[in-house]
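Listed below are the residues making up each chain.
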Amino acid sequence: MTEFEPKIIGFLCNFCSYAAADGAGSQRLHLPEGFRVVRVMCSGRVEPAWVLQALREGADGVVILGCHPGDCHYREGNFQARKRFQILSRLLSDLGVEKERVRLVWVSATEAARLEKVLQEVRADLKLLGPFTRKGLKAGQRKEAEHGGKTTGCPRD
Amino acid sequence: MRIGIFLCECGPNISEVIDLNSLQSFAAALPGVVMVEKYPLYCSPDGQEKVVQGIRDNRLERVVFAGCSPREHEETFRRVLTRAGLNPYLLQIVNLREQCAWVASDPARTGVKARALLRAAVRRVEFHLPLEQKEIPAVPDVLVLGAGVAGLQTARLLAAKGRKVTLVEKQPSIGGKVVLFEEVFPGLECASCLLEPWMDEVLHRENLEVMTLSTLEEVKGSLGNFIVKIKKQPRFIDETKCLGCAACYDPCTVEVPNEYEGGKSRRKAVFVPYVGSLPNIPSIDRKNCLHFRGQECNLCREVCPFGAIDFSQKEEIVERRVGAIVLATGYSLWDCRKMPELGYGREDILTGFDLERLNSATGPTGGQIRCADGRAPGSVVFILCVGSRDPEHRSYCSKVCCLYSLKQIHSLLKKLPEATIHVVFRDWCLPGKSGQELRDGFNNEKRVVWHRLEGMKGIRVEGGNRQIKVAWPGPDRTGSVVPADLVILAPALEPPAGLPELARMLNLKLKPDGYMQEESEKLAPGATTLKGVYLAGCVQGPKDMQESAQQGAAAAGLIFSGLIPGERLRLEPASALVAEERCGGCRLCISLCPYRALSFSPEKGVTVVDEALCQGCGVCAATCPSGAAEARQFTSRQIAAELEELAGD
Ligand code: FES
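Protein chains in written order, with our numbering: chain V, 1 to 157; chain L, 1001 to 1649.
Straight-line Cα separation of at most 20 Å, DMTMM-like style, residue types lysine to aspartate or glutamate; simulated pairs:
1. L:LYS1177 to L:GLU1259
2. L:LYS1509 to V:ASP71
3. L:LYS1531 to V:GLU76
4. L:LYS1509 to V:GLU76
5. L:LYS1414 to L:GLU1189
6. V:LYS117 to L:ASP1106
7. L:LYS1399 to L:GLU1454
8. L:LYS1231 to L:GLU1315
9. L:LYS1511 to V:GLU76
10. L:LYS1050 to L:GLU1075
11. L:LYS1177 to L:ASP1354
12. V:LYS127 to L:ASP1106
13. L:LYS1457 to L:GLU1341
14. L:LYS1241 to L:GLU1206
15. L:LYS1170 to L:GLU1316
16. L:LYS1522 to V:ASP71
17. V:LYS127 to V:GLU5
18. L:LYS1531 to V:ASP71
19. V:LYS83 to V:ASP71
20. L:LYS1511 to V:ASP71
21. L:LYS1287 to L:ASP1238
22. L:LYS1241 to L:GLU1302
23. L:LYS1170 to L:GLU1319
24. V:LYS127 to L:ASP1649
Calculated from the structure, these hints are not laboratory results.
Required output: the full structure, derived from the provided sequences and hints.
Shown next as structure tokens:
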């Protein structure tokens, strides 16, 4: 069996963190092979449901990366992201998802090296935790049905 | 669905890291894919032609391009799609170079990653929507707020090329603070002589409307289509009738200190702020005027030969449609009373600004430097950096104080041949090509005594009544004391009063130092995060006259290039949309929209999007509890499709 390589889904905003990931490439830094990016215009676009879906579909961890507070291209999208992340974190801990699996980090366009470091840390943590078993998330889906709201559950069709 | 994939080798950049042959055969088997092609460099003219051909020959309905980052060539390939007759938004880019090949360390796993990225893009692109590039008409007219150096510059340059400009000034006269200065550094020219041609130009252009005693009340809309409301205070003088003959001043029996000259002279209730102020039309100060205080006084009205006095004028709200707004509201002076140990407010303790008025030939003393009791001062002490570079007050360097203080010292040496001048300072800030010269001019001057301190803490201005002393602690605790007949403080510049309200009105941010936040401090210091709103002068940070003139010109330039008469404005195609049938009217999204692009339609009972304002950030979509709000190029369906494939092996 090959060694466990955690899959990390990243939601990256176009203006800072996605640019940093491009910068990591231009500088030939190494990002974990399991790191796969969904580009969004702003971290404020990221729905908590997407994070749950990513975990359900096979991710071992999720990172939401946005511009530093005050630097959001759309002024305050990242503040919304932060608020939503707080709600999401509570839900995730209810579901028994370890908090190391889902993170919100601010990365500016020039912080490619920092991005590399953050992702290597995430990878190391996930390697310690092992693959995500998704057991808890089934419960999550049930919960979502009870709440009936998309903001806490899986994506709508 | 007919999906085509173009795999770019990017020379050796991608092909040497990722096995594109095996990726090609993998991709060919994906659902919906009817074509997979590979080419060394798709962004080259030949490569672009290949894509056009590929789309046409295979009658493609969707395109996936795998190569460099979308930040590099998304626009290029959108144009290619358009050329091939396909809607440019039916494209998804796979970032195979920057975020896959270039960050790779393990070839086997990189291959797995490339396949996942490609699968996700193919799934996603199926749900892409053809988006429409909408255009709206735009008004080329401009509102300039503030008629100091920066605002005058913007207004006159725009008007000279035929733009209709509304120049709004809160004070009764134009020219800003600088017009009150006797000489300006470094060349020591007279400021009003420099500015008068500009002020004349601005006051006499047909396409330039000057509104004094006016402030901005409300702003709606966006670049090209702002509707602004301006509040105009009554002058009680009919500007169309008054010739500025000054006949009305004499009969007025009221006399109060003139706030426009720091209270150093007196004025009537019908007055102009200072000699030579423009427009040359007085105003009536309703607070002090006897007529308004309920007395039977009509003296000015009786004497006016032109019947220009009009007590019935009311405050007015005037509406204008403009395409752009320039904020040039200047600065305020830091209040030296916040450091009571410096004694500001007592006799013979002045700010540099007060000194400008004493020094001015048209000022209260006719340009003579005198103490309050009329003596010529024998010892003048300048204290620099008052409030500046002080974490408790204004932490930044105000940039102009060193230079203007040196300028004032030059002037005082000439006017007071007997006096000694002490300068209490910490560092010199004399940048630029002529700043240092101003300082070097004193190298052999025995009448100037320099007191360079480690810091500005602990300075005290003591005594009064001809017995002023300036004292400061020394590094060895000895300290020093010098006698002073006149003390001149150089206060910090600070953001203009009312700036937070203005920022709120426009939905703009202030920086932690309180000045207006620019789009980019280095590359776009004259623009703001709101398209169509520009900055000029000290509203963005302390500046001298020259820099304010430059930024005023820059704002005009930005408007000339960004708002062209007759040209329509292109809207963001990837804007938000609200599905009316799903919207429950909860209005959660409305308060979160950073661009105020959402509003509630009471007739329909749902939220509606103003596409002219929407920038497509998607905050509304992420917030909507019923799935009615969507970001067109980042719909929940598109992202869900992407996620279905991305996390797999
Ligand atoms: S654009 Fe980066 S967080 Fe909003």
